[in-house]
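Starting from the structure of chain A, add chain B where the hints point.
There are 2 protein chains.
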Amino acid sequence: MPVGTKGTVKGLTPGDLREVGAGIILGNTYHLYLRPGSDLIREAGGLHDFMGWNGPILTDSGGYQVFSLSETRRISEEGVEFTSVYDGSSHVFTPELTTRVQEELGSDIAMVLDECPPANASRAYHEESLRRTARWSRRSKEAHEKRDQALFGIVQGGLYPNLREESLGRTVEIGFDGYAVGGLSVGESREEMLETLALTAPRLPSERPRYFMGIGDPVGILQVIALGVDMFDCVLPTRLARHGAALTPEGRLNLKNAKYRRDFGPLDPECSCEACAGYSRAYLAHLVRENELLGHRLVTLHNVRFTVDLCLKARREIKAGRFEEWSRSWISRYRGSDHPRTDELE
Amino acid sequence: MPVGTKGTVKGLTPGDLREVGAGIILGNTYHLYLRPGSDLIREAGGLHDFMGWNGPILTDSGGYQVFSLSETRRISEEGVEFTSVYDGSSHVFTPELTTRVQEELGSDIAMVLDECPPANASRAYHEESLRRTARWSRRSKEAHEKRDQALFGIVQGGLYPNLREESLGRTVEIGFDGYAVGGLSVGESREEMLETLALTAPRLPSERPRYFMGIGDPVGILQVIALGVDMFDCVLPTRLARHGAALTPEGRLNLKNAKYRRDFGPLDPECSCEACAGYSRAYLAHLVRENELLGHRLVTLHNVRFTVDLCLKARREIKAGRFEEWSRSWISRYRGSDHPRTDELE
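Sequence order for the protein chains is A and B.
Each residue of the first sequence is one higher than the one before, starting from 30 at the first, in my numbering.
Each residue of the second sequence is one higher than the one before, starting from 30 at the first, in my numbering.
Next up, chain A with everything else stripped away, as it sits in the complex (with noise of 0.2 Å):
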């Protein structure tokens, strides 16, 4: 799911986003609730006729924005206070205001309202906060009222097995739509991050789908659909193209460095997009260079379409019966793990 985080794929119309092949974008309730507010995205019929998207939206509780980029916040059994990131005004976050916020923006998939502590929290914090974050999904599907919007719940429970196994049997319990594996992919490394999942994702529901919360390099789609992830998200591929970096089969081709000035061949010789289709890494060096608006969204337009192009080869492969070899020599091409480093993702 590319990441529209406030009501657009950054610099990417919803035409372009068709064009891409995207089957599915995100949106921030965070964000839209504070600006321009969802009652006001309610009035204008809803975030898809607001953004001229007409393809399905999952919106995010906005748990996860208020736990990274709120500067401060206060937890209580009631929901979360927290100040805005935009002008420090004080909000409070209710399971049943998240819900409604979300009704109002009317996207096809609602997540519950969860807390998401960081991963070096201790066992203790994180026993007592997915418990907290059960009983706040009770009450998030107790609200749910919209007949026609898919709700999905959230498991947390840090690095921790037994916290893991417990968030999944309390969540599973309540009964969603779908499920996410949540407070992952915050700081832990790869290696931890995989272990987790792997002690967690075989033991969701196999009839719903599985979401992996804030994944989106190349590699890692591959690892987390291994295990048997259905959905993901993360602004890396977006944010990487407006940094001038390219997604490529042989890894991250930043067009800021010096040897691309006079290449004059295209960003992706294997892809058909637009931006490889029509200009030249030397051209779009120059946009990246000069930090020109059609850089970020030509860049952008490419890493979006690179990566919704690996997720159908996946499926394809997976339907295939050939995945494992697949997928193995496509990360043997591509080099480095690339595992964004946190300061990508904030």
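Because the hints were derived from the structure by calculation, they are not lab data.
Possibly wrong hints are sitting among the right ones.
A pair holds if it fits inside one copy or across any two, identical chains being indistinguishable in the list.
As the list claims (entries may be wrong) - Simulated crosslink set (DSBU-like; lysine-lysine; CA at most 30 Å straight-line):
no. : residue 1 : residue 2
1   : 39        : 288
2   : 39        : 175
3   : 342       : 39
This is chain B only, laid out in the frame that chain A set:
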């Protein structure tokens, strides 16, 4: 001519430009010479290939930018030495060099090197300057070798009728494929500009295109067309867009104004561009407030379409012999003269 300063009309692809009906665009020799370098663009096959635009391109000679952007400059008979706005490095533009650079860029129309003194320079200075520009113009023409590239001369002379007449005579005597009126729209009042143009334009050879350098506001365009001008360029429509101001038949619409937050109608109901057909004022206002790339892109698309449409309508009305009446009615509907403030052009 929409302005593609650095080899891109900011935010738009060549496909967008074709879609909004742009028949010719402008490239800036000063910028392209410094970044990425005209030698690199020549290696790429010229500016058309480099940026993927197969329509006509006019390049200026860089003279205006040397005088408006560079912090220091030293004029001699040979040419002008100046410091780069990018890194302070020292460069020299001579008529021979800017002609060769434009040949490397491969534009369809090249301009002679001219000096563009401030409107408030003394009469004596303007006189000295226009004579040097005439000598530079002759050297530009003598250096010009590219047979499939037109070369235009530039009339200077400030606001002094006699000096304009002298400059025009000297320029026409040398003989060019087209003639520009330069040194206006540089800080003088709109009235002074039109008075001076009214004395100059009718004396230009009627069988050659007449190019007014640096006008792009809707009313100004109609005013110079009325005086017989065929071509013009200005960053105004694209720059206004990036500041959230849209052009409409009723005047400038500032999308940051609170009243558009909940305005779910189209930006300009009379326009069929992608921005007007697919989005509401409320959505565009949200994008502009959040400084989203897509906001810059969509409003730019509209402003270029609006300006191109205005010119196409003017052409139609001229052919039908109704220009004056139509233009008067159009201007009376448009709020204010919309003469750009100097700070909007810097």
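- prompt: Which of the stated hints cannot be reconciled with the structure, identified by number in ascending sequence?
  reply: Structure breaks no hint.
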